[in-house]
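Enquirer: Sequence:
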Amino acid sequence: MPKDKAVPHMGWNKVIFESEQLLSNYYYFANSYYAPITKDTTGICEYGIEFSATVQKDNFFGCQFHPEKILKLRN
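For the sequence shown, numbering that gives the first Met the number 0 begins at 0 and goes up steadily by one.
Derived from the structure by calculation, the hints contain no laboratory data.
No residue lacks a Cβ here, since even glycine has one placed at the ideal position from N, Cα and C.
Misleading hints may appear alongside valid ones.
What the hints assert, rightly or not - Simulated pairs of lysine to aspartate or glutamate, EDC-like, Cα-Cα distance not exceeding 16 Å: (1) 38 / 57; (2) 2 / 45; (3) 56 / 3; (4) 4 / 49; (5) 38 / 17; (6) 13 / 3; (7) 13 / 45.
Unchecked claim - Taking CB as the label site, the calculated pair distances span: (8) 58 / 5: 31 to 41 Å; (9) 58 / 1: 16 to 26 Å; (10) 36 / 3: 19 to 29 Å; (11) 58 / 2: 20 to 30 Å.
Whole structure, please, built from the sequences with the hints as guidance.
Expert: Written out as structure tokens, the structure is:
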């Protein structure tokens, strides 16, 4: 993580998914580490730098955030 950002990264951050099947929204993060963006990245988050929020390869799907926590914003 960049030196000017608090570690661990805790709080709500927006995840942008590449697939339209997944809804971009705010998810809760509680991490001291991040995964770099690779060809298997399916969702990106920005916290000083962009990093992989979700990855998928074959039948494996992993995420950096707590998938059970989603912040649904009302317009």
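Enquirer: Evaluate each hint against the coordinates.
Expert: We went through each hint and held it up to the structure:
1. 38 / 57: At roughly 12 Å apart (the allowed maximum being 16 Å), residue 57 and residue 38 satisfy the hint.
2. 2 / 45: Given pair residue 2, residue 45 holds - Cα atoms ~14 Å apart, limit 16 Å.
3. 56 / 3: Distance of about 32 Å is beyond 16 Å: violated.
4. 4 / 49: 13 Å, holds
5. 38 / 17: Within the cut-off at roughly 12 Å; holds.
6. 13 / 3: Status violated; Cα separation ~19 Å.
7. 13 / 45: 8 Å, holds
8. 58 / 5: 31 to 41 Å: 35 Å, holds
9. 58 / 1: 16 to 26 Å: 34 Å, violated
10. 36 / 3: 19 to 29 Å: 20 Å, holds
11. 58 / 2: 20 to 30 Å: At 37 Å between Cβs, range violated.
Violated hints, in rising order: 3, 6, 9, 11; the structure is consistent with all others.
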